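Visitor: Position chain E relative to chain L; hints supplied.
Going down the list, the protein sequences come from chains L and E. Going by my numbering, the first sequence wraps up at 335, each residue one higher than the last. Going by my numbering, the second sequence wraps up at 335, each residue one higher than the last.
Possibly wrong hints are sitting among the right ones.
[Unchecked claim] According to the in silico footprint, chain E covers these stretches of chain L (three or more CB under 8 Å from chain E):
no.	region
1	102-112
2	115-124
[Said to hold, decoys possible] From chain E, some residues computed to sit far from chain L (all C-beta separations above 10 Å):
no.	residue
3	S17
4	E40
5	Q163
[Claimed, not checked] Here chain E is said to cover these stretches of chain L; the calculated rule only asks that three of the stretch's residues, wherever they fall, bring their Cβ under 8 Å from a Cβ of chain E:
no.	region
6	17-24
7	188-200
8	250-257
9	279-292
10	305-316
Calculated directly from the structure, the hints in this document are not laboratory data. For clarity, every value in this text was computed on a predicted model and none was experimentally measured. Note that the Cβ used here is the ideal one computed from N, Cα and C, for glycine as well.
Protein chains: 2
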Amino acid sequence: MGNPILVELTRGRRRESVHTGALAVARSNRELVGAIGNVEQPIFARSAIKPLQAVPLLETGAAERYGFGTREMAIACASHSGTSEHTATVTNLLLRVGLDVTALGCGAQEPLDVSASRALIRAGHAPTALHHNCSGKHAGMLATAVHKAEPIETYWMPDHPVQMRVLGTLEELTGRRLGRDVRGIDGCSVPNWAVPLADLATAFARFVTGEGLTRLRWRACQQLTEACWAEPRLVAGQGRLDSVVLDRLPGKVLIKAGAEGVYCGAFPAAGLGFALKIDDGGKRAADLVAGSLLGQFCPEAKDLGVAKPLQNFRGLMVGEIRAADALERLLAKFG
Amino acid sequence: MGNPILVELTRGRRRESVHTGALAVARSNRELVGAIGNVEQPIFARSAIKPLQAVPLLETGAAERYGFGTREMAIACASHSGTSEHTATVTNLLLRVGLDVTALGCGAQEPLDVSASRALIRAGHAPTALHHNCSGKHAGMLATAVHKAEPIETYWMPDHPVQMRVLGTLEELTGRRLGRDVRGIDGCSVPNWAVPLADLATAFARFVTGEGLTRLRWRACQQLTEACWAEPRLVAGQGRLDSVVLDRLPGKVLIKAGAEGVYCGAFPAAGLGFALKIDDGGKRAADLVAGSLLGQFCPEAKDLGVAKPLQNFRGLMVGEIRAADALERLLAKFG
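For reference, chain L alone in the conformation it holds in the complex:
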């Protein structure tokens, strides 16, 4: 793809590995205030668009009808770690709709949280669909289907009204027509669409400013953002960058990770959205780029963007992971 090196890992005095990628920072009118790499090539944002996928849950009135609060809204936006707190929240959401785990179409996944995973192993239990990091999104989609009296067995298929509503929301927020040529199936089986980083950054700027949105949609975006700030641990999990940031900077930063090295988010006060993709899908690099960007915009997040020492199994310092020159130069513009 020819994108620049954004992150490098060193060992001794040398560079050992590198990660290339692209990053866009944009206003809601799609004006790029900063960009590096190819931000016009469509990329799959994966779970980074979950807050956008949750908009119909509120717009249709389903969330209100079933009395969903910040916990249910946050878990609908989540790629959660599968702890008992996460699974209980999903179970409770489903219960309010009259459903249970058997309605979930995401498949089973081991909890991402190491302690939760070990607890399951020790108890001799297999993971269920509740433990899947996307179970909250699926539960929210199911709630919308039940509310609208639509079939629930096929809610995850691309031509189901649930997914068509998601598509419409994405098309409005990104300003893109999203046809079959850019459609893929996500890890949890719902459709996902490849969208240029510039459009994803724009969509997130609109999500936090409401510019160009109906009052109803803007209110949905606001409620979801506030839910993520109110329940940061539910959106991801302990120690994960999105939860750390949402917990530390409520009101200042919206952020959501996606598989294969993606982050999307926004800085409401500045009216800016951002989106990044590491070409090789490397999470360690995506975390460092996102952390560096946040550190540049928010003094309180400065520590998230600094070079991090790499320790080996004995605890010896063997190198570090750090922003490469090209990324440093872009970020300096925001200084």
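Guide: Relative to the frame of chain L, chain E by itself:
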């Protein structure tokens, strides 16, 4: 680094992620019979050089003195999965030398093997240094130190005679002077050196042909190669590419993986060595490049190099991982 894309992952009809890297195939006289990417830039081969690091264990006479057979030699070359078979082999090796787990300087690591890891968790046991994937290499280094009556507490430090012997072996086989500027500390705390892929491929060609080596060193290389073929499961573990290949193609292919996307190996009959590095350290890409190369050289390994479907948590086919055009073109030369 500007290396070409070697591997691509698709989702739907689009490319989702890519991995760049470099690959060298060379004769023992350093003649490159095939190369892609920058094969002159030094890279850390990490555990891919373990067979070379084990040479002094045989050359010094330590292996003979302590009655080591193919199992002990194979585990000394291994990045093992930490199953009970692996740890028992390391324990036995140490016992023959009069040592135990407390002498190992590699640090503790959870078993790479999922079943072994779960068994430890269920039993409520913490992993030990025996479970570290490098414990066999460390045990072999300790055996050499005991045999030569050298201090055993510091065997892992760069200026210890054990590591100086390893360095001498690497310098002869690679044809490179390896100074401090290219030295790093490995994950298991012994020194590792950055070496161009062209030199690593040359070293492995020499390892399996003996060209330019003393009779003693050549015999050591032969015994280690034969041990890897005799005990393929000990060198890595069930389901891992190096073990699969050593098990299926004894006499035909030597192969060893290293962390951060490295493979080294050789085709003895053709007198060729190979070495590859994925720039971002991605193992999924290294496995595919190595498998594709082997498939090109050995009809019996054809299945290892083909595009592999990617399934999601429901078992739906969402895309594939495959060799990119640039790699296909290089491999076609070997057809």
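Visitor: If a hint holds in the structure, say so; if it doesn't, say that too.
Guide: The hints, checked one at a time:
no. : hint    : in the structure
1   : 102-112 : holds (count 5)
2   : 115-124 : holds (count 4)
3   : S17     : violated, 4 Å
4   : E40     : holds, 14 Å
5   : Q163    : holds, 14 Å
6   : 17-24   : holds (count 4)
7   : 188-200 : holds (count 4)
8   : 250-257 : violated (count 0)
9   : 279-292 : holds (count 5)
10  : 305-316 : holds (count 5)
Comparing the model with each earlier hint shows violations of hints 3 and 8; every other hint is respected.
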